[in-house]
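Using the sequences and the hints, build the whole thing.
Listed below are the residues making up each chain.
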Amino acid sequence: MMDSTLVDWSRAQFALTALYHFLFVPLTLGLSFIVAIMETIYVKTVDEKWKKITRFWMTLFAINFAIGVATGLIMEFEFGTNWSNYSWFVGDIFGAPLAIEGILAFFMESAFFAVMFFGWNKVSKNFHLLSTWLVAIGSNLSALWILIANGWMQYPIGMVFNPHTVRNEMSSFWDVALSPVAVAKFLHTIGSGYVIGALFVVGISAWFILKGRDVLEAKRSMVVGASFGLLVSLFLAASGDESAYQVAQHQPVKLAAMEGLYKGEERAGIVAFGILNPDKQIGDEKAEFLGNIEIPYALSFLGYHDVNAFVPGLDDLVYGNPAHNVESAASKIMKGRIALTALSEFKEAKKAGDEAAMKAANVMLQQYMPYFGYGYLQNLSDIVPPISLTFYSFHVMVGLGMWFIVLFLVVLYLLMANDITRFRKVLWISVLSIPLGWIAAEAGWIVAEVGRQPWAIQDLLPVGMAATQIDAGNVQLSFWLFAILFTGLLIAEIKIMVRQIALGIHGGH
Amino acid sequence: MFENLSLHELQIYWWVIISLLGGLFVFIMFVQGGQTLLRELSENETEKTMLVNSLGRKWELGFTTLVLFGGALFAAFPLFYATSFGGAYWVWLAILFTFIVQAVSYEYRAKPSNIFGAKTYETFLAINGYLGTFLLGTAISTFFSGADFRLDEHNFVHWMNPTRGLEALLVWQNYLLPFAMIFLVRIIGGMYFLNNIDHEPIHAKTRAMIKRNIVYFLPFFLSFAGWVLFKEGYAYDPVTKAVFLVPMKHLMTFIELPWIGAMFLIGVVMVLIAVFNSVFRAKNCCIFTVGAGTVLAVMALLLNVGLNGTSYYPSVYDLQHSLTIENSSGSHYTLTAMSYASLMVPFVLAYIAYVWHLMDRVKITEEEITSSGEHHY
Chain L
0 MMDSTLVDWS RAQFALTALY HFLFVPLTLG LSFIVAIMET IYVKTVDEKW KKITRFWMTL
60 FAINFAIGVA TGLIMEFEFG TNWSNYSWFV GDIFGAPLAI EGILAFFMES AFFAVMFFGW
120 NKVSKNFHLL STWLVAIGSN LSALWILIAN GWMQYPIGMV FNPHTVRNEM SSFWDVALSP
180 VAVAKFLHTI GSGYVIGALF VVGISAWFIL KGRDVLEAKR SMVVGASFGL LVSLFLAASG
240 DESAYQVAQH QPVKLAAMEG LYKGEERAGI VAFGILNPDK QIGDEKAEFL GNIEIPYALS
300 FLGYHDVNAF VPGLDDLVYG NPAHNVESAA SKIMKGRIAL TALSEFKEAK KAGDEAAMKA
360 ANVMLQQYMP YFGYGYLQNL SDIVPPISLT FYSFHVMVGL GMWFIVLFLV VLYLLMANDI
420 TRFRKVLWIS VLSIPLGWIA AEAGWIVAEV GRQPWAIQDL LPVGMAATQI DAGNVQLSFW
480 LFAILFTGLL IAEIKIMVRQ IALGIHGGH
Chain C
0 MFENLSLHEL QIYWWVIISL LGGLFVFIMF VQGGQTLLRE LSENETEKTM LVNSLGRKWE
60 LGFTTLVLFG GALFAAFPLF YATSFGGAYW VWLAILFTFI VQAVSYEYRA KPSNIFGAKT
120 YETFLAINGY LGTFLLGTAI STFFSGADFR LDEHNFVHWM NPTRGLEALL VWQNYLLPFA
180 MIFLVRIIGG MYFLNNIDHE PIHAKTRAMI KRNIVYFLPF FLSFAGWVLF KEGYAYDPVT
240 KAVFLVPMKH LMTFIELPWI GAMFLIGVVM VLIAVFNSVF RAKNCCIFTV GAGTVLAVMA
300 LLLNVGLNGT SYYPSVYDLQ HSLTIENSSG SHYTLTAMSY ASLMVPFVLA YIAYVWHLMD
360 RVKITEEEIT SSGEHHY
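Protein sequence lines correspond, in order, to chains L and C. Position 384, counted from 1, in the first sequence is what numbering that gives the first Met the number 0 calls 383; the numbers after and before it change by one each time, with no gaps. Position 58, counted from 1, in the second sequence is what numbering that gives the first Met the number 0 calls 57; the numbers after and before it change by one each time, with no gaps.
Among the clues, some could well be false.
[What the hints assert, rightly or not] Over 12 angstroms on every C-beta distance to chain L, these chain C residues come out as not near it, computed from the model:
id: 1; residue: V90
id: 2; residue: E255
id: 3; residue: T288
[Stated by the list, open to error] Covered by chain L, according to a simulated footprint, are these stretches of chain C (three or more residues, beta-carbon under 8 angstroms):
id: 4; segment: 34-46
id: 5; segment: 186-195
Derived by calculation from the structure, the hints in this document are not laboratory data. Think of the CB as a built atom: it goes at the ideal place given N, C-alpha and C, for glycine as much as any other residue.
Right, dumping it as structure tokens:
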């Protein structure tokens with residue numbers, strides 16, 4: 000394993016880039032569809048007010064779009080610059096979705112983006128509308144391919160290990176592309192982006208109404224935002240259920256950390272609210288929570304679609320639980336070391352030209368390959384991710400997800416059945432809810448990425464083996480350069496965005 | 000279809016695609032070239048805004064081509080991706096920094112409440128134009144001069160120089176291509192302006208700029224070509240895979256694979272014809288001639304360095320660790336799957352060309368840029 004300072008700084012740099020990237024991209028995903036819906040209404044109704052509305056939201060979309068593109072570029076190349084061992088070990092599988100993303104999605108996005116913004120008077124209305132939809136589809140397609148790649152890291156399938164090249168090689172493209180984890184991850188992630196887009200539109204429209212400015216346009220925007228928001232927040236809940244099911248099947252340690260579950264149990268409940276006991280350690284008998292409220296049976300049902308199912312806790316996963324066929328970390332580490340030894344023996348035999356020994360070593364290696372990454376771990380508890388960060392992030396995400404459904408439902412009802420302009424508290428709550436979408440999305444991302452530690456590739460490659468071999472000082476320096484640059488650009492974006500909103504729907508573009 | 004090709008044939012196919020993408024990327028770097036010309040070609044803010052808006056409608060294509068270039072290298076030649084990006088850390092990060100600041104500059108430059116001011120974003124564009132181009136040229140130059148790395152038994156890279164790629168700047172030959180590229184992309188940027196903007200004062204200045212820059216370009220380009228053609232190249236034995244030095248390897252490749260040599264010559268001639276027509280015959284449509292010429296010439300150089308038993312990323316630390324298209328590629332299965340995806344490339348190029356045609360048939364004018372109802376950068 001590498002120097003932990005280097006690995007931590009490499010992780011910090013990637014996390015920094017991902018967290019910034021995930022401030023901008025979800026808004027792009029959600030707003031692109033909302034703008035496309037608005038323009039469709041304009042083309043259908045030929046009402047110039049809808050054109051004004053479309054162009055206002057499109058301007059905000061453009062301000063956000065550029066910085067999302069910039070941070071996305073960095074993420075792609077950081078796989079090479081900071082995770083070069085990873086890039087070789089799984090590049091044969093991981094690189095393909097990134098390349099396809101470029102061919103299928105990015106060019107669509109970039110080519111039609113120019114039409115969307117500069118083509119109002121240069122192309123026909125219908126072609127312009129088509130371009131707006133293609134930008135939305137292109138943005139979402141790019142999310143598809145990167146999330147397929149990420150899904151594969153959480154649940155690596157469709158590959159074989161080649162001891163000659165010392166890397167994993169793709170054996171089934173469709174297993175990788177249609178992996179249930181990847182599909183669930185894609186749907187849930189884009190769903191979060193759609194909700195952020197809807198919250199953004201509803202909240203800013205509410206602000207206009209509160210200020211008595213552009214009220215008609217704001218109410219129209221709000222109808223589109225709230226309708227879209229209600230639909231996608233329900234979809235988000237459904238896709239979240241599927242995501243949790245997939246985590247239970249393939250990353251039980253992550254699920255246990257998400258729920259702060261130390262001792263496995265049948266008919267396990269979900270913690271609706273809880274404060275973790277900070278003194279609690281793996282394997283001790285201390286209480287897991289200082290206080291908590293639980294929904295009975297829910298975790299068994301969520302994780303296994305069976306209210307009676309046994310859900311393994313962290314103690315079971317670390318020390319094993321033979322009664323429920325849960326293998327211990329010690330057993331997995333031993334098997335991982337057998338795989339590493341077999342690889343060394345294969346290399347030695349190859350050098351010596353001993354075909355029979357190569358074959359024997361390869362048989363052993365392939366048998367224990369599913370445990371390969373465990374061979375690098377030193378301690379049993381290395382398999383456990385940071386529990387409190389994973390737990391609280393998960394609960395913040397779920398709680399906010401529920402809140403969004405309620406908010407969109409109330410706003411839509413008041414828009415349809417009443418005069419929403421009289422409900423100023425609801426309008427203020429809508430404004431204040433704008434940042435909550437980002438908080439939920441970032442929390443979700445932390446659950447997905449922190450919750451899978453110590454793995455870069457689940458069970459196959461720990462982060463401690465995946466980083467680029469470089470003096471940690473280089474990464475520290477680049478981390479701070481990125482931090483300063485991204486923060487500066489974020490401040491610039493917020494200032495510009497706020498000013499553009501203040502100019503109003505009839506303001507400049 | 001592709002599954003019937005051998006691994007080596009697929010490696011060649013993918014090196015051709017990488018070379019094509021490299022050629023397209025250098026062409027689309029007219030955006031970077033244009034960014035270095037904002038002050039030089041404008042008399043006032045309106046003219047500068049015309050130039051910025053002209054480039055602003057294309058900058059994303061360059062960005063996307065860079066992303067695709069990176070993604071295609073990752074998928075098709077992952078060992079290069081891991082070795083060069085992880086090894087020459089500071090060169091690649093510096094390139095990325097120049098592209099981050101480019102991405103936001105168009106949208107933010109003229110927006111109200113822009114806290115850093117328009118001048119800052121124009122400086123960012125100039126940094127991307129000059130430094131981004133220079134560093135990319137340096138990175139490409141190391142394909143010919145080599146890099147300081149070794150690979151361990153797991154094929155994990157160990158860079159042998161603590162400056163992590165910046166040591167390439169200590170090799171004087173590595174300056175030839177970067178400077179040639181800077182002047183080339185300025186020339187192409189000028190031809191793009193001639194084609195995209197309808198404004199005589201800008202046209203007059205642009206033609207004079209092209210005339211000057213071709214004079215600066217030629218010595219650097221000819222020196223680079225001379226160095227590459229007459230230097231020792233890094234060849235490998237197709238059977239033993241051992242890497243060894245061969246005198247004038249790149250010149251020999253042009254002779255042994257004459258279609259690549261012809262591509263290179265035709266490309267260079269097309270660039271010169273485009274310059275002649277722009278400067279002396281006052282033509283405005285030479286962007287397409289110079290574009291095709293650039294793509295052909297760059298593609299030929301990359302084909303030369305990767306094919307005909309040549310190591311395209313030599314290790315100067317230990318020749319036997321050098322990368323070739325054979326030892327650094329993806330597996331047969333992945334290259335096959337990716338090859339099917341590559342069939343989309345002509346379709347993508349076709350819709351880009353169509354959109355380009357639609358958007359550029361009406362040229363940018365002073366009236367358009369000063370009208371308040373339009374989206375402007």
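Quick rundown of the hints versus the structure:
| no. | hint | verdict |
| --- | --- | --- |
| 1 | V90 | violated, 10 angstroms |
| 2 | E255 | holds, 29 angstroms |
| 3 | T288 | holds, 22 angstroms |
| 4 | 34-46 | violated (count 0) |
| 5 | 186-195 | violated (count 0) |
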